[in-house]
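Below, each chain spelled out in residue letters.
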Amino acid sequence: MTVDQVIFFLVGALILVSALMVVTTRNLIHAALWLIATLFGAAVLYATLDATFLAVVQVVVYIGAIAIMFIFAVMLTRRNMLDDASQTNPGWPWAAFIALATFAGLALLAGQMHNAGATQSELFADPLAALSQALISPEAYVLPFEVASVLLLAALVGAVYIANRK
Amino acid sequence: MQNPWIYVGLFLVVGTIIPIAALVMSALLAPRKPNPIKQSTYECGMETVGENRVQFKAQYYVFALAFLIFDVETVFLFPWALSLNAMPFFVALEGVVFILILLAGLYYIWQKGMLDWV
Amino acid sequence: MEFLTDPIKVIYEWLMLTLTSWGWAGWLSQLVINLLAIVLFITGVMVLDILLVWVERKVVARFQDRLGPNRVGPFGLFQPFPDIIKLIIKEDITPNGADKVVFNLAPILSLASVIFLWAVVPLASRIYGVDLNVALLYLVAAGSIGTLSIIMAGWASNNKYALLGAYRMVANMISYEIPMIIALLIPTILVGSMSLKLITEAQSGYWFVLVSPLGALLFIIAAIAELGRSPFDLNEGESEIVSGYHIEYTGMKFGLFYAGELLHAFTFGGFWAALFFGGWHGPWAEQYPLLGAFYFVVKAMIGYWVIMWVKYTVPRIRIDHMLAFNWKFLTPLGFILLMVTAVTHSVLRQSPAWLYVAGMFLSNMIVALITIEGLRAQARRQRISAEASSKPVVADH
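Chains as they are written, first to last, in this note's numbering: chain A, 1 to 166; chain B, 1 to 118; chain C, 1 to 397.
Extracted from the complex, chain A is given alone in its bound form (with noise of 0.2 Å):
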């Protein structure tokens, strides 16, 4: 096994320790922060794979934004912590298959593709380079780019649609 294998099972089981954790704790602050500790292994998965980019995005974005609000949201409506209903509902077996089915479609998919197993890319000499100049150059991603910008807006007006309602 190499270095990025055992950071990768290390990670792996990281991520999937908290996940776990993060439907069955019944604190919901815990839950938030399991739910951290989630992201944060999906941000050093992306930094292992070279993503530097998506890694400290992955940071600044789940965790310094998205979790927070998370964390504001469940003290904002709730006055106990605790959730004292039941975990699961009588639909669960169908919920753990389709979710089984999926993985498994997933992994099948994913053992397809024509790079499945490269250790390490090749195709950009500087990968963030290479992500910018792609995210804005006409030929490629630029409009993309721009509707982000409006959807974002989009985003803007329903949040003082929310918060105008309470």
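Hints are computed from structural coordinates only; laboratory data are not their basis.
All C-beta atoms in this analysis are idealised placements derived from N, C-alpha and C, irrespective of residue type, glycine included.
Certain hints may be false.
Claimed, not checked - Simulated crosslink set (SDA-like; lysine to any residue; CA at most 25 Å straight-line):
no., chain 1, residue 1, chain 2, residue 2
1, C, K328, C, M339
2, B, K112, C, A324
3, C, K58, C, K311
4, C, K58, C, L77
5, C, K328, A, I66
6, B, K57, C, V242
7, C, K160, A, A31
8, C, K328, A, V150
As the list claims (entries may be wrong) - Where chain B lies over chain A, by a calculated footprint (3+ residues, C-beta under 8 Å):
no., region
9, 41-54
10, 59-69
11, 127-137
12, 154-161
Please arrange chains B and C on chain A, whose structure you already have, making use of the hints.
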């Protein structure tokens, strides 16, 4: 080094261990004599009334929403800022359009009174 | 003397030779050397942190016309060591109803998030931790872990004051993160890179404070707010919520919060120097990296002193003023400055250096002038409307 993130990873591990070491040292040396008065919630000598985890003011959530949107926006601006030097002039204008759309959003929530503390 | 021109490389090669001669594998000795370097580096940073306690206490004393610590050692220089010993041997009290794991994790994350920042600090031309190509975003990412530690501390303490302090602090930190990121985007535009090493190297001709004085101002305001220092210290308003999110912390756990805050301020002084004041640049710093490291620490200390100067001069502001100042003034101003910088930079980037610097400086000054005039016009409007509404009251008398 091959991947700079190995160094960053080591740095994160050591950087977390050092504060833990300070706490362990303190736990070994410090006395431990708990009593109910000492452990009660500190409110300048007053008796605590009611629930301690007080309800949260909804206004904070509104600012968190606005922050989230502008945070994502600035993350989008980093690739733009990185490639300005390598691209022709009109690329700078693409970013200007992007920022102007969101400044319009900021103006909108300002006019709606979302930025006022009530 | 090769040791003077590239000390890290000399030590590294010597250690590498020694370890491989013991029969260690190449990657193992590389790992051990790096680990050793990191432990030594962080220990050095912590020693610096201890000295910062003395600096802070001495400077605040001079601002308040006192002497400050002057008993232990020359000029009270050894005062921090008894302070630390006292913190270590104090009893650690965990309040009733506290969430124990989260309560203990919060101070650790608080200090660790500041130590993480030092991985990317460019101390000198050939002395730095790691040259990360996303260093500026890494800086923001480490800051968001700090935000998290504060909300964890406030919630776990099971105390109303702590929770209120944490809410305020988090609202403060997330709001001012936007101007902070905008201020970080400006050097990114100027250099075309997020690597702190490249940004510092690009300032060999002129410091970026000449190219973007408003950017430097924006950065230091946002940094003071991120630190939660006065005038943005409503998270620990003593007269209302005693000391905010760390009210229930005692002994070394409080010490970790305190050490984290001081080191954070110094680190932001260092980043201010690296981004806008040429970092390690100075006479002969290129040839002799140790001299460059000295310049860097001096510039960081000056930045830290500016932060302290503001802290001990300006009174605390109200939360609505704090939020309005950010969202209605700093954020729009930052975005406008960003657009002006990007356009001017793209127009002038091929021109000679003097024209480039003059053009960028002028564009910044125009933005500043328009802002000041706009503020003055608005103040005049407010004064006129206030006078108009108060006239009948005067007539009644």
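So, going through the hints one by one against the coordinates:
Our distance criterion of 25 Å between C-alpha atoms is met by C:K328 and C:M339, whose separation comes to about 17 Å. Our distance criterion of 25 Å between C-alpha atoms is met by B:K112 and C:A324, whose separation comes to about 14 Å. About 14 Å separates the Cα atoms of C:K58 and C:K311, which keeps this hinted pair within 25 Å; it holds. Among the hinted pairs, C:K58 with C:L77 is consistent with the structure: their alpha-carbon atoms are about 9 Å apart, no more than 25 Å.
Distance check on the hinted pair: C:K328 and A:I66 sit about 23 Å apart at the alpha-carbon level, within 25 Å; holds. The suggested pairing of B:K57 with C:V242 holds, with an alpha-carbon distance near 20 Å, which does not exceed 25 Å. Note on C:K160 and A:A31: the hinted pairing holds, with a Cα-Cα distance of about 22 Å set against a maximum of 25 Å. With a CA separation close to 21 Å, the supplied pair C:K328 and A:V150 stays within the 25 Å bound.
Evaluation of the coverage hint for the region 41-54 of chain A: fulfilled, as 6 residues show C-beta separations to chain B shorter than 8 Å, against a requirement of three. Coverage of the region 59-69 of chain A by chain B holds. Counting CB-CB distances below 8 Å, 7 residues qualify, and the rule asks for three or more. Residues of the region 127-137 of chain A with a Cβ under 8 Å from some Cβ of chain B number 8, which satisfies the need for three, so the listed coverage holds. Only when three residues or more bring their CB closer than 8 Å to a CB of chain B does the claim for the region 154-161 of chain A stand; here the count is 5, and the claim holds.
Against the hints set out earlier in the document, no violation occurs for any number.
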